[in-house]
Amino acid sequence: MVLELGQYIPGKSGIHHLDPRAKLLGLFLYGVALLAAPTGASAFLVGSAAVPAIILAGLPLSFIWRQLRPLVIFLAIIFIFQVALTPGEVMATIGPLQLTRQGLNYGLLALARVFFLVLAASLLMATTDPLALADGLERLLRPGQRVGLPAEELALMLTLALRFVPTLLEEAERIMRAQVARGASFRGLQVKNLMPLVIPLFISAFRRAEGLAEAMEARAYRGGEGRTRMRQLSFQAADFLFLLLAGALAAGTAYYRLRFGG
Amino acid sequence: MEISLQEVTFAYQAAGRQWPVLKDINLRVAPGDFLAITGAGGSGKSTLAMLLAGLLEPVSGRVTLNGQPVRGRGKGIGKGLSLWQKVGMVFQQPEQQLFAETVAEDIAFGPRNMGLPADQVGVRVKAALRAVGLDPDGLGGRSPFTLSGGQQRRVAIAGILALEPEVLILDEPTAGLDPAGRAGIIKLIRAFCQQPARAVVLISHNMADVAELARQVVVLHQGRVALQGTPREIFRQGEALRSYGLLPPSWTRLMQGLHRQGAPVPLDVLNLAEARDAILAWLGGGG
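If you're matching them up, the sequences are chains A and B in order.
Using this note's numbering, the first residue of the first sequence is number 1, and each one after it goes up by one.
Using this note's numbering, the first residue of the second sequence is number 1, and each one after it goes up by one.
Since the hints were made in silico from the structure, they are not lab data.
A few of these clues could be false.
[To be verified] No farther apart than 35 Å at their CA atoms in a straight line, the calculated lysine-lysine pairs in the DSBU-like style are these: (1) B:K86 to A:K192; (2) B:K126 to A:K192; (3) B:K23 to B:K187.
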């Protein structure tokens with residue numbers, strides 16, 4: 001499979017069973033904590049809070065690695081730029097570049113923020129059924145409806161988009177095979193080389209979208225107003241505990257920053 | 001070009017598990033052959049087609065071209081690659097892979113990928129369009145998306161014919177076409193296989209197509225070769241076919257019905273004309 005980022009791995013762990021709203025809010029609070037952490041070391045400490053959750057979720061290490069692998073080069077570039085280009089107290093000199101203590105700190109901070117945020121986001125995606133995720137997002141956005149935020153429609157769009165990811169991947173594979181049979185090569189990343197794949201894929205996506213719209217209308221779908229759900233979300237003790245922990249992490253880090261760092 | 005599969009087994013891998021699709025397939029396609037591969041949905045027909053076209057590699061077993069073991073398309077180097085160019089594959093609903101702005105451009109895609117000079121590409125495009133019964137001057141400059149479904153499919157097949165394959169593999173080429181469209185496709189397949197040293201592999205669960213075209217038939221059932229023989233030999237075994245989820249063509253079923261009623265008619269008619277002649281012979285002989 002080409003695209004594993006954000007893949008859902010069904011399971012029965014405690015993390016899998018958490019309410020999607022709790023997980024979404026938890027990710028948000030975790031992100032706040034990461035951004036609030038003032039130093040590289042503290043960001044790593046905050047970030048490592050995700051490790052117990054990953055262990056609890058029972059995700060294989062190889063899966064985690066595959067999720068993060070595409071990031072490695074990106075992270076390395078961020079790190080090197082921060083370390084080399086921040087002025088301050090010089091620790092070492094390599095050619096024209098000067099390594100500074102402040103640079104190292106900022107480098108580690110940026111590294112930790114991106115790394116752990118992606119880690120936590122892929123944990124959320126891996127342990128949450130995409131449909132439950134869309135449900136959770138809709139419930140969280142619902143208060144926004146009063147000020148004109150189309151929460152139902154957004155959630156529907158998200159659900160449909162997620163629903164069609166595997167379908168389109170399959171379609172892409174089929175079209176690629178057909179074009180390979182005509183001697184096409186998809187090795188290079190030139191846009192021109194991708195046309196024989198992208199154009200048929202778009203045409204079929206539009207056709208599917210039209211078909212879906214007709215099928216929904218034929219079933220008298222008329223927007224979200226007053227719709228009931230098959231799956232009812234309810235907060236359990238574990239969800240409150242999870243949010244409490246995430247909240248404590250965010251609040252603690254924010255306090256630490258105000259008190260000691262900045 | 002001879003394609004041969006020896007002890008070929010194939011399984012799809014998903015979520016760390018293997019889903020077996022084909023088991024112990026032995027198959028040979030030689031010049032002059034017209035092989036039909038048939039079977040109920042999920043019997044592994046399309047997978048077998050992709051193995052024959054080098055678009056998948058077997059989990060175990062050997063694929064040889066002209067006796068040489070080869071890897072899949074794009075995997076091997078040198079010889080394997082050029083040998084696969086002689087095998088053309090028409091996918092299910094091939095019109096969905098059209099992408100270029102004009103019909104001629106789309107058909108030129110394959111020959112260009114082969115590295116042919118522009119003048120030869122032009123010659124091949126025209127020849128391919130004529131081979132599928134379309135007018136190169138009238139249609140060549142039009143957008144493929146303005147054509148009818150049957151015309152689009154013929155353009156897509158022309159895109160494969162322009163590669164000048166020696167073996168043509170077609171996966172359900174008549175599915176979803178109106179009767180006129182189907183007749184057009186049958187005609188062009190027949191014209192292709194009448195050229196010297198060409199072979200056709202037709203994947204279809206449409207027994208009428210199989211009866212009308214094929215010289216050999218392979219029936220797949222749950223990933224294994226269940227029956228193999230000439231169309232006459234296959235259709236004689238109506239009961240076996242039914243147990244593999246297939247129905248003989250309607251005229252064969254008519255003959256079987258008449259036979260059960262005690263009429264002395266042959267069971268292995270291949271088309272409507274043979275059925276008519278058999279019934280007339282029976283009626284003429286009786287009256």
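Evaluated hints:
Of the supplied pair hints, the one linking B:K86 and A:K192 holds, its CA atoms being roughly 26 Å apart against a limit of 35 Å. Of the pairs offered as hints, the one joining B:K126 and A:K192 holds, with about 24 Å between alpha carbons and a cut-off of 35 Å not exceeded. At most 35 Å may separate the alpha-carbon atoms for a hinted pair to count; B:K23 and B:K187 meet this at roughly 34 Å.
Of the numbered hints given earlier, the model fails none.
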